[in-house]
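Let's have the full structure, built from the sequences with the hints guiding it.
With our numbering, the residue at position 184 of the sequence shown is 184, and numbering never jumps.
It is worth saying that the hints were derived from the structure and are not from the lab. Be careful, since some hints might not be right.
[To be verified] Label-pair distances were calculated between CB atoms; the ranges are:
no., residue 1, residue 2, range
1, 81, 166, 33 to 41 Å
2, 266, 91, 47 to 55 Å
3, 123, 80, 20 to 28 Å
4, 82, 179, 26 to 34 Å
What you are looking at is a predicted structure, and each value in this text was computed from that prediction instead of being measured. Glycine included, each C-beta is placed from N, C-alpha and C at the ideal position.
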Amino acid sequence: MTQPVFRFAPSPNGPLHLGHALSALLNRDMAEEMGGRFLLRIEDIDTERSRPEFEASILDDLSWLGLRWERPVRRQSEHFREYVEALETLKARGLVYPCTCTRGEIRAAIDGKSGWPNDPDGTPIYPGTCRPPPGAMFVDREPAWRLNMTKAIEETGPLAWTEIRADGSTETIMADPAAWGDVVLARRDTPTSYHLSVTLDDALQGVTHVVRGQDLYAATAVHRVLQTLLRLPEPIYHHHRLILGADGRKLSKSAGSEALHVLRSDAARVADIRRLVGL
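Here it is in structure tokens:
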């Protein structure tokens, strides 16, 4: 029987908050309960926003929480070549295409079209301007690369994933990748995207159980498509509840949610953090 492998994968673009603490502790707790391994991955493909001081703060907070992880830590910025190779595989099969549209041009293309659909994150679905046969492409710009979702789904057929519920039981969830449209797999400024790098990393690190927030539940459909296209193993998933702020919205770095190191400076103990996140 394969030993379970869990991972916590923060981005070093700000300090950890209680939502991160919940995810990290859940991954470690479930790994211990199942006799599995616990990995730490630094998701720093956004090299402009990622900072060494934030990574140092993350490592310090996790150590204070009592977490121990295997070395070496995988940093995505050190593995761009692997993401490029995966993208080249999809290019060779005609499953991705270059897109030079700016956000403003995408908004202009759908302006006035009532009822235009949004993806699960609330972003308007890409209108397919650059999809083959290409429309108005701006050849003087470095392109992003988008997955031709219609063609991808034709290859994969219907997809599903196994979800562990909060009570420990499992259910099969039917994936709806079409709801995302032609997602970006490589940005103009970075040779990958979250969807491509996280899917490939989990496979390369042998992750068997992906435990992450409910805000990434719908994105699992995209990851199942990529796993199938790239012939990667399928993990089991658990999407945990989110920690909400006083305004009812999920905690986030961009919103300035109270950082873990601030709670530590106010004499919080690990037991207090576990209580605050409901563990």
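Note to self: Assuming the hint says 33 to 41 Å, is it satisfied by the Cβ distance from residue 81 to residue 166 or not?
What the structure shows: holds, 39 Å
Next item on the list: Return holds or violated for the Cβ distance of residue 266 and residue 91 against the range 47 to 55 Å.
Entry: Taking Cβ atoms as reference, residue 266 and residue 91 lie about 51 Å apart, which means the hint holds.
Note to self: Just to be sure I understand the hint, the distance between the Cβ atoms of residue 82 and residue 179 should be within 26 to 34 Å; is that true here?
What the structure shows: holds, 28 Å
Check: Cβ-Cβ distance between residue 123 and residue 80: within 20 to 28 Å?
Finding: Holds: the Cβ-Cβ distance is about 25 Å, inside 20 to 28 Å.
Every hint, counting from the list given before, is met by this structure.
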